[in-house]
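Engineer: Sequence:
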Amino acid sequence: MTFALTGWMLYAMFAVLGFMGLSFLYNLYRSLKAGSFSSSLFLPYLKDLLYYVFPLFLLSNMMGLDPTGFLMLTGYYVGALGVVLKYLESLKK
Numbered sequence: 001m002t003f004a005l006t007g008w009m010l011y012a013m014f015a016v017l018g019f020m021g022l023s024f025l026y027n028l029y030r031s032l033k034a035g036s037f038s039s040s041l042f043l044p045y046l047k048d049l050l051y052y053v054f055p056l057f058l059l060s061n062m063m064g065l066d067p068t069g070f071l072m073l074t075g076y077y078v079g080a081l082g083v084v085l086k087y088l089e090s091l092k093k
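Residue numbers (this note's numbering): 1 to 93.
To be clear, the hints were calculated from the coordinates, so they are not data collected in a lab.
Treat each hint with caution, since some may be false.
Stated by the list, open to error - Okay, derived cross-link-like pairs now, DSS-like style, lysine-lysine, Cα gap no bigger than 27 angstroms in a straight line:
#1 Lys33 <-> Lys93
#2 Lys86 <-> Lys33
#3 Lys47 <-> Lys92
#4 Lys33 <-> Lys92
#5 Lys47 <-> Lys33
#6 Lys47 <-> Lys86
#7 Lys93 <-> Lys47
The task is simple: from the sequences and hints, build the whole structure.
Structural biologist: So, in structure tokens, the structure goes:
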């Protein structure tokens, strides 16, 4: 399985991983400031990689199966936007 992210798909994945990283660093800072650092801080991000990022990679690899050329691409962008909005909302709280 090769991950072929081209053009705006790559930038969308950078945005998803960037907001995921910002959220992780913010929560790490909050837990260190509160003195309650625990290994359970990492588990939600590993779960999010499996539930959010991996399906985006699967959609990008199924682009060849789409005869129209835009259904999988639209699904990819909607999914990436949803993940970015999820992390923006969690950073806003």
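Engineer: Out of the numbered hints, which ones does the structure contradict?
Structural biologist: Hints that this structure does not satisfy do not exist here, as all of them hold.
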